[in-house]
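Colleague: Sequence:
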Amino acid sequence: MLRQKLKEKKLRAPVLPAATKWGSLLAWLDTVLAAESILFSMVSARKFLQAKNKSQRQKRKMVYTLVTGSDLISMLKKGTSLLRVVANQLAKYEKDNTPISEVYKTFLDLPKEFDATFLTPRELKIMKDIVDERFGFVCGDAYGLAYLLDPRFCGEGMDVATRTSVESFRSTWFGEDQADRVLLQLSAFH
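Residue numbering for the sequence shown follows this note's numbering, beginning at 358 and increasing consecutively.
Bear in mind the hints are in silico, worked out from the structure with no lab data behind them.
Incorrect hints may appear among the rest.
[What the hints assert, rightly or not] Lysine-lysine pairs mimicking BS3-like chemistry, simulated, CA-CA at most 25 Å apart:
1. 485 - 435
2. 404 - 366
3. 469 - 449
Can you build the whole structure from these sequences, using the hints too?
Modeller: Here it is, written out as structure tokens:
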């Protein structure tokens with residue numbers, strides 16, 4: 358019934374999201390958001406809550422409550438805006454030749470991109486805390502060094518403490534007495 362109504366309105370039919378596919382989940386949420394008025398009219402129909410058994414009635418009541426709830430649209434908009442940010446960043450890493458300096462840049466860009474979403478200040482803080490936590494888990498000195506040495510970035514946006522740590526790592530790579538050798542090797546690499 359829903360597919361038929363979506364087809365009449367020339368809207369995309371919903372595709373169930375795959376467990377690990379951000380893009381399919383985003384497409385599914387976009388479809389639900391576009392079909393909000395159709396869903397509302399379907400669950401508001403007189404016979405929608407009528408069902409043959411108690412289990413079906415309970416499920417229909419849950420669907421009715423979700424679709425007619427005042428926060429459905431805001432939740433869908435938040436979900437799609439968050440997934441767009443994540444999907445856009447993940448698209449960079451679908452290729453096997455993405456430099457590791459891009460990983461560092463991604464972690465610098467994510468908080469700014471989350472600022473443009475429909476999140477409340479509290480939700481925004483939670484997302485930024487998650488990004489900071491993941492950054493600490495994923496990015497070590499090698500990522501910072503790659504970001505510092507990449508001529509596209511040259512360490513732009515790197516905080517002072519991290520930059521100092523990375524520069525120290527760079528100069529003591531082979532030991533204190535080998536700093537010149539490290540710099541020569543790195544300059545030959547670039």
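Colleague: Evaluate each hint against the coordinates.
Modeller: Hints, verified against the model:
1. 485 - 435: Answer holds: residue 485 to residue 435 is near 15 Å, not above 25 Å.
2. 404 - 366: holds, 23 Å
3. 469 - 449: Holds, at roughly 17 Å.
Figure legend: structure checked against the earlier numbered hints; every hint is met.
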